[in-house]
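There are 2 protein chains.
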Amino acid sequence: MKVAQKIEQARKEKRTWWSFEYFPPRTAQGLQNLVDRIERMRLLGPDFINITWHSGGRTSELTTEMIRFCQETISLETCMHLTCTNMRPEKVDIALTAAKEHGCRNVLALRGDPPAGKEVWEAIEGGFVHGIDLVEHIQKHYGDYFDIAVPGFPEHILLPPEQFQTELKHLKTKIDLGCSLIFTQMFFDVNLFIRWVKAVREAGITVPIVPGVMPIQNWNGFQKATRIANTVIPQHFLDVLEPVKNNDEQVRKLGIKLVADMCRTILNSNLDIHGIHIYTMNLERGTRMLLEELNLVPRIESVKPLPWRQCLTPGRRNETIRPIFWANRTKSYIARTENWDEYPNGRFGDARSPAYGEIDGYGVSLKQTKEEALKIWGSPTEFGTFKAVFRDFCLGKVPSLPWSEQGPSSEMKVIAEKLAQINDLGFLTINSQPAVNGVSSDDKVFGWGPSNGFVYQKAYLEFFVSSELLAVLLPHIEQDVNITYYVINKAGDLRTNTHSEGPNAVTWGVFPGKEIVQPTIVEAISFMAWKDEAYELGQQWANFYDQGSAAGEFVKSFFDTSFLVNVVHNDLRQPDAIFEPFVKAAADYAAQKRVPNGYVNGDAVISNGHAH
Amino acid sequence: MKVAQKIEQARKEKRTWWSFEYFPPRTAQGLQNLVDRIERMRLLGPDFINITWHSGGRTSELTTEMIRFCQETISLETCMHLTCTNMRPEKVDIALTAAKEHGCRNVLALRGDPPAGKEVWEAIEGGFVHGIDLVEHIQKHYGDYFDIAVPGFPEHILLPPEQFQTELKHLKTKIDLGCSLIFTQMFFDVNLFIRWVKAVREAGITVPIVPGVMPIQNWNGFQKATRIANTVIPQHFLDVLEPVKNNDEQVRKLGIKLVADMCRTILNSNLDIHGIHIYTMNLERGTRMLLEELNLVPRIESVKPLPWRQCLTPGRRNETIRPIFWANRTKSYIARTENWDEYPNGRFGDARSPAYGEIDGYGVSLKQTKEEALKIWGSPTEFGTFKAVFRDFCLGKVPSLPWSEQGPSSEMKVIAEKLAQINDLGFLTINSQPAVNGVSSDDKVFGWGPSNGFVYQKAYLEFFVSSELLAVLLPHIEQDVNITYYVINKAGDLRTNTHSEGPNAVTWGVFPGKEIVQPTIVEAISFMAWKDEAYELGQQWANFYDQGSAAGEFVKSFFDTSFLVNVVHNDLRQPDAIFEPFVKAAADYAAQKRVPNGYVNGDAVISNGHAH
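Protein chains in written order, with the working numbering: chain A, 1 to 612; chain B, 613 to 1224.
Worth flagging that the hints you see were computed from the coordinates, not collected in a lab.
Just so it is clear, CB atoms sit at the ideal spot from N, CA and C, and this is done for glycine as well.
There may be inaccurate statements among the hints.
As the list claims (entries may be wrong) - Quick list of simulated restraints, FRET-style, between CB atoms:
(1) A:G315 x B:T1108: 25 to 33 Å
(2) B:T993 x A:Q5: 57 to 65 Å
(3) A:Q5 x B:T1108: 20 to 28 Å
Could you build all of it, start to finish, from the sequences and the hints given here?
Set out below in structure tokens:
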């Protein structure tokens, strides 16, 4: 969606909106960290984000890569900055074509700062001279696909009147060409901003003006940022901040209050400005504090069309079905299916044929360092402490598992106690969902889709289990006609009691005037692809331990020999029925293992006096 | 499915099965009557039916047409008879190609009777000589697509031994070529049949033998049939029947008992024969009586994959979605969509583009004669008696409506009283379904699909209504966020409160290990196509009355000016909520019409003393 439309919509809804700006980091590792941060900061509720373009275009590929990732995996609407500096039209077109391919429909057309080492901007041979040239180029070659925003410089109000009028004329020309939005450069003097806005409006420019503000995070950063941009700093800022300049915490706290005051003045003015654009400097804390200071609470996502986030990229925008297996590993799913020609839409059958990408090609790997891993998962050398890791994850006491970077979801919490019990019995769960029998589509935990609808889920469990325990479990599972299962081992031998080739819908919704929407399924082919990833993640856990160490051997050997199982209970009206076979199987297993002296599997138990 | 497979399956299930044989009638009108009868007789539970081929092939097109209709519309597995008599290979191929196209996989290869006027069979030039030639031709050109059955002649046991052995050899040759089934010619002497079967088995023939039996329906028919086929009639048949030969009722009653005795002897023998093939002579009553006499009760259809019957023709076999509008007019729906390249499968969207055939091209017309129509629908000249027709249909007191040839379905009966009330209020319903919130897929009234599943329905009403009543109804409908509707008039102006282009699933099922199956939908494009048919049927009703007559004018004028409306209540947990707006609207309407002297619309009402 075009940013200008979003802004207009917020205006109609009379709500304050905000957007974040990020710049591409210098390294691949930095990129990984940044996209993780962008994903977290998504929860702060930005309506869209801007990705800058490094002067000289050195990091242009990174900009493109960030655009792709945000549109596709984070599902955040992006605006791509594009500068003339050192840019030949060919290079501009590479960036624009990629942006279009990834569904980005917004460009901020800039002239850009002088390249490093030069004080004054100059056009390269064959390159663009003015921002206007870039605007015309985009419109000529991409029609109205892109909405073009242009920069605004509030401090131009301080220029000699004639020179200011020339700048205003340039701005007006670009707007008259069809540019639809003005992002201002960072400023701290609100009066200056207000005077500039009035001048702009008097010049007949009516498009939305978005004030760009920077949360002050520390004294040096504040000094550097304002020095580079030559920003006017009001005396009362210095009066407050300079005395505490050696105390970062105080600078941030007081600085953010000052910026917040400025924002309030703007938002409460009669300037018809209802949003702010935050220069995050790729930092999370200051942005969060500014929003808190302004009392800007992220809306609960009012539009959540599916239980999982849809990609904003054109090829995937109509994707409406995914296998449940990657529910906690969206990035990996997107990466491994990126070469599909079409995505499942309506029924999974439509696109079942495409092969999943090999896991190696997409770097399926754990994000934890060795130190982190050992800290959160310990060094289990026997099954008791090992299964406790899985159990404690269900209870929120262990922050992540190799298969789940985040802690338990709110819907998992509904069955956390049951899951913990199942894990204690030796079934090591890595994915699950509770049964849901038609709750409102507006339900805070389970809801999705349009209002006045009902959503449904079949209970689902996925777990690793030893062959001995599996052997006693399967007869119990097969006794319940409502359970369907798939069992697989590391070698890929599959066993199932389903007779149909097709997928099993495990999440669906019924809505007024619509077909049944069934966004999550369980299905054999994707389970087989997921199996490789699930075992690989287990292997990587084992790899954290020194070779030959007891923990390394134990964890490796467990995954080498255990089975991966998924179980669906198809009667959603019996939410607890899925757990019953596990309890029964564990009892059988204990009875089998019980030896005359009353010990089970090394644990002392109260003997019932009979040897079995 | 191949008939031999069905027979084998019945054998495994240890159940007695039966099949019916029909011959093509001589006229188009006869054909219409016959297919209606075949459809009714489907309820008697035949596993399949045979369609004969008239000697000389005069009616070969009718055989093909019957095969098509039975496979497609009645969804009955067929076996096509094919004779050599007077048949050139080209003609055989036309018939076989058509049969294949219609999904028929069974052929009974016959030499056939001598053409009319000749006593002895002779091959035409270039034609087939023996049944074996036909078998070889079919196998050569159609591989194993067709299962080939061959005829058996129990009375050959009476031939001189050498001649009988020659016949047996011929039969064995055909079986050795791969023919999989033997249908015997009609017989009445069970001992003769048993002796013949034993001889056939001794000759090393092991394929199933299906005894062909004819219910004796009257003396003349019995005499004629046995004379043509030269059938041996046991003396005890004559002893019983001849004394009553002038009393058709008695002949049928006693004759059917005799035939039933014969069938019992066979089915209870150690011959491993578990089914009978009934030569119906295109008559219903004798067949029904024979089955009753044998205590053969039609199974409740154990496999009902969808709420409506799927076609057996290859092109439509995968069709899984239909609009609700034609729920009571399957034939018309199939006819009007027969030129679609593909049929909706999984989601209706896939095949929404094809145009519906024009109704004129498919002869959408009422089946009633003028006399019948006037008898069942009377000659209404004002709204009171007119709406009573619709109301009484809901209550089962009027056997059919122009839009519904059969009386109320079992699911309609669930809401019959409510429907009657709605009709009384002036909303003339022509289609409906009650809300169903997850009943067992084995439910006798609402169930369909595999066992252990749950089926769901949204409440649906479709009705004609005057513009005045519609005007008061719509505000009430629009007040319920759970209701979606489409209103259309004869000219095709459409009004709706649905914002989505897509269809509304109104019937769906949730099954173990499966995607959600959603076989019935409400959708704008098909509603617009149905509208023409719905109004045309109303017009045809009007046409029954003499031009210029009061009834003709009244009925015509009602349909010319009324609106066709469909309403879906999207919250299946409030089964009665769909009726509420109608009751409220009728109250409003009555209040509007009330004039000071206490009369509403010409009907006396109790005035409440206030003028509105």
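Cross-check of the supplied hints:
1. A:G315 x B:T1108: 25 to 33 Å: holds (32 Å)
2. B:T993 x A:Q5: 57 to 65 Å: Given range 57 to 65 Å: holds, Cβ gap about 59 Å.
3. A:Q5 x B:T1108: 20 to 28 Å: With a Cβ separation near 26 Å, Q5 of chain A and T1108 of chain B satisfy 20 to 28 Å, so the hint holds.
Against the hints set out earlier in the document, no violation occurs for any number.
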